[in-house]
Amino acid sequence: MKYDKEWDVIVVGAGPGGSKCAHEFAKRGMKTLVIDKKQEIGAPKRCGEGLSMRWIRITGQKPNPKWALQEIRGAVLISPRGKKVVIDTSKTGQTGYIIERKMWEKELAAEAIRSGAKYMLKANVIDLIKEDDTVKGVVVERDGKEEQYFSKIVIAADGVDSRIARMAGIQTTIPLTECDSGYQYEMANVPIEDPYKMELYFGKEVAPRGYIWVFPKGKDIANVGIGIIGSSEKTAKFYLDRWLENNSRFKDASIIEINAGVIPVCAPIETMVANGLMVIGDAARMINPIHGGGIGSAMEAGIIAAEVGANAIREGDVTRDRLMEYQKRWHEVRGKEFERILKVRKFFEKLSDEQMEIIADAVDPKVLVELGHGKGLATVVKALIKASPSAAKFAMSFLK
Amino acid sequence: MVAVNNREKCLYCGGCVSVCPVMAIELKETQIVIDKDKCINCGACVRVCPVGAMEVKK
Numbered sequence: 001m002k003y004d005k006e007w008d009v010i011v012v013g014a015g016p017g018g019s020k021c022a023h024e025f026a027k028r029g030m031k032t033l034v035i036d037k038k039q040e041i042g043a044p045k046r047c048g049e050g051l052s053m054r055w056i057r058i059t060g061q062k063p064n065p066k067w068a069l070q071e072i073r074g075a076v077l078i079s080p081r082g083k084k085v086v087i088d089t090s091k092t093g094q095t096g097y098i099i100e101r102k103m104w105e106k107e108l109a110a111e112a113i114r115s116g117a118k119y120m121l122k123a124n125v126i127d128l129i130k131e132d133d134t135v136k137g138v139v140v141e142r143d144g145k146e147e148q149y150f151s152k153i154v155i156a157a158d159g160v161d162s163r164i165a166r167m168a169g170i171q172t173t174i175p176l177t178e179c180d181s182g183y184q185y186e187m188a189n190v191p192i193e194d195p196y197k198m199e200l201y202f203g204k205e206v207a208p209r210g211y212i213w214v215f216p217k218g219k220d221i222a223n224v225g226i227g228i229i230g231s232s233e234k235t236a237k238f239y240l241d242r243w244l245e246n247n248s249r250f251k252d253a254s255i256i257e258i259n260a261g262v263i264p265v266c267a268p269i270e271t272m273v274a275n276g277l278m279v280i281g282d283a284a285r286m287i288n289p290i291h292g293g294g295i296g297s298a299m300e301a302g303i304i305a306a307e308v309g310a311n312a313i314r315e316g317d318v319t320r321d322r323l324m325e326y327q328k329r330w331h332e333v334r335g336k337e338f339e340r341i342l343k344v345r346k347f348f349e350k351l352s353d354e355q356m357e358i359i360a361d362a363v364d365p366k367v368l369v370e371l372g373h374g375k376g377l378a379t380v381v382k383a384l385i386k387a388s389p390s391a392a393k394f395a396m397s398f399l400k
Numbered sequence: 001m002v003a004v005n006n007r008e009k010c011l012y013c014g015g016c017v018s019v020c021p022v023m024a025i026e027l028k029e030t031q032i033v034i035d036k037d038k039c040i041n042c043g044a045c046v047r048v049c050p051v052g053a054m055e056v057k058k
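Those sequence lines, one after another, are chains H and Y. FYI, the working numbering numbers position 19 of the first sequence as 19, with every residue one higher than the one before it. FYI, the working numbering numbers position 46 of the second sequence as 46, with every residue one higher than the one before it.
Only chain Y is shown next, with the shape it has when bound in the complex (with noise of 0.2 Å):
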């Protein structure tokens, strides 16, 4: 399982970088990128986003 992010929803803030733990997350202009090798799947940045576009997958 790792965090996915929802391009509907999200307003690229980049809230989800700064509270990754394993530095996975990366806000590239209007990209949220996800290393899924690195994501431990702690569910920080689904907690934090304030659009509720993180979500962790199966």
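For reference, chain H alone in the conformation it holds in the complex (with noise of 0.2 Å):
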């Protein structure tokens, strides 16, 4: 395929964040050029494949049965000890799709193409092409070749192992206490109990400041999946492989497909554009970090900076000044909610597993819901500090 050399805008990475705001892009009249490396869209997943309907309602689709494969109405915790906390979300809204992520991406790509926007595959961005301080376009590694490609911005898009900010100096390293280690099975023949709930399981000893999750997708199909901390000793698959080991629940169950990721936990990163360039989702470490999602903020990023983006280019004005404007409509938007979620995530990690215990048997599920959105935290302190007073002493600086 042969491709033009200049565009107003070239998206580097086909992930939902990338596609999103490649098609808001192009539904503008800007001629978008998505590139990726990798030789198919959305595989290999890093994914334990959760979508909630907020953010499916914002892609504009409706929940379709070649990826929507099981519809969620809430979820059930299990604690360290084994205490089973139901939450029950159907009334509340708050329902979602486990999905199959392969065949979403790819539509959602098919929707940006229909918009306009081209896709490149199997093309590796190697550098940035820059003037004046300013990216003015990518070079390119494809078909043994390399080639250059001009755009008026870019837009780094290229996940958890994005390189595209820290060619523009944007730093972008992520501490190790300050990310997860993702493993996972997809799983056939396991026994499901409720396939409209989420499992999610707690414990040092089962997921080291993380969980254990079985995500159905069908009525015996599921992602079955760990995170733990990023500096732990031991892998993630030696904890996932211990505890299904265990469990006879999957004794009959064997693995279809194996997946890992690294999670980013952490604030997002501080600036999020240069001249010619910004920076979304993933790569701008835009993750919930309570339950490590990332596609709907990736998404919706995505449509904030082609708003903003498609002005700039307009105007003729694509100073990191101008688009400045996107860094700063993403936190008014979701920047606040994910800084309250951070400080969640940081009371949880430092709860021993008695005290997660406590907090189990005293706090309303009503309210365990509302920590993934960053609320209702002093609830659970206060919970906590009353059952525990020797909790005081941590726990009451997360009262302020």
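I should point out that these hints are in silico values taken from the structure, not numbers from a laboratory. Even glycine gets a Cβ: it sits at the ideal position worked out from N, Cα and C. Treat each hint with caution, since some may be false.
[What the hints assert, rightly or not] In the DSS-like style, the derived pairs of lysine-lysine whose C-alpha atoms are separated by at most 30 Å in a straight line are:
hint : chain 1 : residue 1 : chain 2 : residue 2
1    : Y       : Lys9      : H       : Lys400
2    : Y       : Lys9      : H       : Lys130
3    : Y       : Lys9      : H       : Lys45
[Claimed, not checked] Reference excerpt, derived from the structure (chain H facing chain Y, CB under 7 Å, subset only):
hint : residue
4    : Val160
5    : Arg166
6    : Ile174
7    : Leu176
8    : Ser231
9    : Val262
Got two chains here, separate frames each, mind docking them using the hints?
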């Protein structure tokens, strides 16, 4: 395939954030090229594949049985000692789906393409073209050749292993304690009691500073995965394998896919823009620090970046100062929430298994749901201090 | 000493890239490429790897 050399926008990375962003740019009449280093969009997945309805809605899509495999209406949280806290969200409308991500991502790309965007796969961006401290395009390795492509704006949507932002001088390295190491099996013939609920297992022995999840993908298929603190001496694989081996439920189940990935649970990067460049999604570390979900916020950032970017291109001003509007607007809609959620994460990682049991016993499941949105922490902290005054010493500081 | 990638264990998720403080690692589709001249042997990639596919070798 031959491609034009000159574009309005080049999006690096064809994940949900990149494709949504490209779609929005293309809709605004911008000549848009999406470049991905992989040979297939959506694979291999680095994802538990849970997606809430509010994010499906912002794509403008309706849940399609081709990719929306299992409706989710709640969760079961399992404490270290095995207490089950059942959360039913069917009445609050906080529902979602376990999706077939590969199918869904290709559909997002197809939508962008129908709006006029072009895609280039198996093409590795090895450098940025810069002039007068401004990003002017990318150098691509493709088909064994080096090629240059020029654009007014480059979008770094190149995921957790992002290098584009760093090429533009933006610091994105994640400290080990600020990321989770993740590992997952997609398994078949898994007994599932309630396919409408996600299961989350907690405890220092189960998953240090994280949890094991069982996300039903139909009546007997499930993503069984784990996230643990990135600095753990033993691997995520070790913890998940041990849990599965000691769990008779999985004796007749077997693996149909293996996934791995590192999940940033830190604050987003401080600077999301440079002259001629914007960083979105996982590359900007825009991930919910409690549950590790990042699809929705990546798409949301992509939409904002395209709105700001298209206007900036029309005005002929793609300077850092002009593009800063994107960063400001993102902080307005999501930044504050993520700050609160980060605080929730920092509180929970201080808890002993005993204290977790106290919370499982004392706190209304409805409050626990809200923690994922950064709300209700004070209620949890107070309940813990009431039941276990010795916890006050560290817990009080989270009331501020 | 530099970090090396064990291709038999690696699932090429690129997690190691995100924690490398000196941008010495690159994920090229199904291959982890390590720039030996840049690697400072800090061990971050070894720790974070979900499957233990990174090692520090003499």
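The hints, checked one at a time:
| no. | hint | verdict |
| --- | --- | --- |
| 1 | Lys9/Y to Lys400/H | violated (45 Å) |
| 2 | Lys9/Y to Lys130/H | violated (38 Å) |
| 3 | Lys9/Y to Lys45/H | holds (17 Å) |
| 4 | Val160 | holds (5 Å) |
| 5 | Arg166 | holds (5 Å) |
| 6 | Ile174 | holds (5 Å) |
| 7 | Leu176 | holds (6 Å) |
| 8 | Ser231 | holds (6 Å) |
| 9 | Val262 | holds (3 Å) |
Of the hints listed earlier, those the structure fails to meet are numbers 1 and 2, in rising order.
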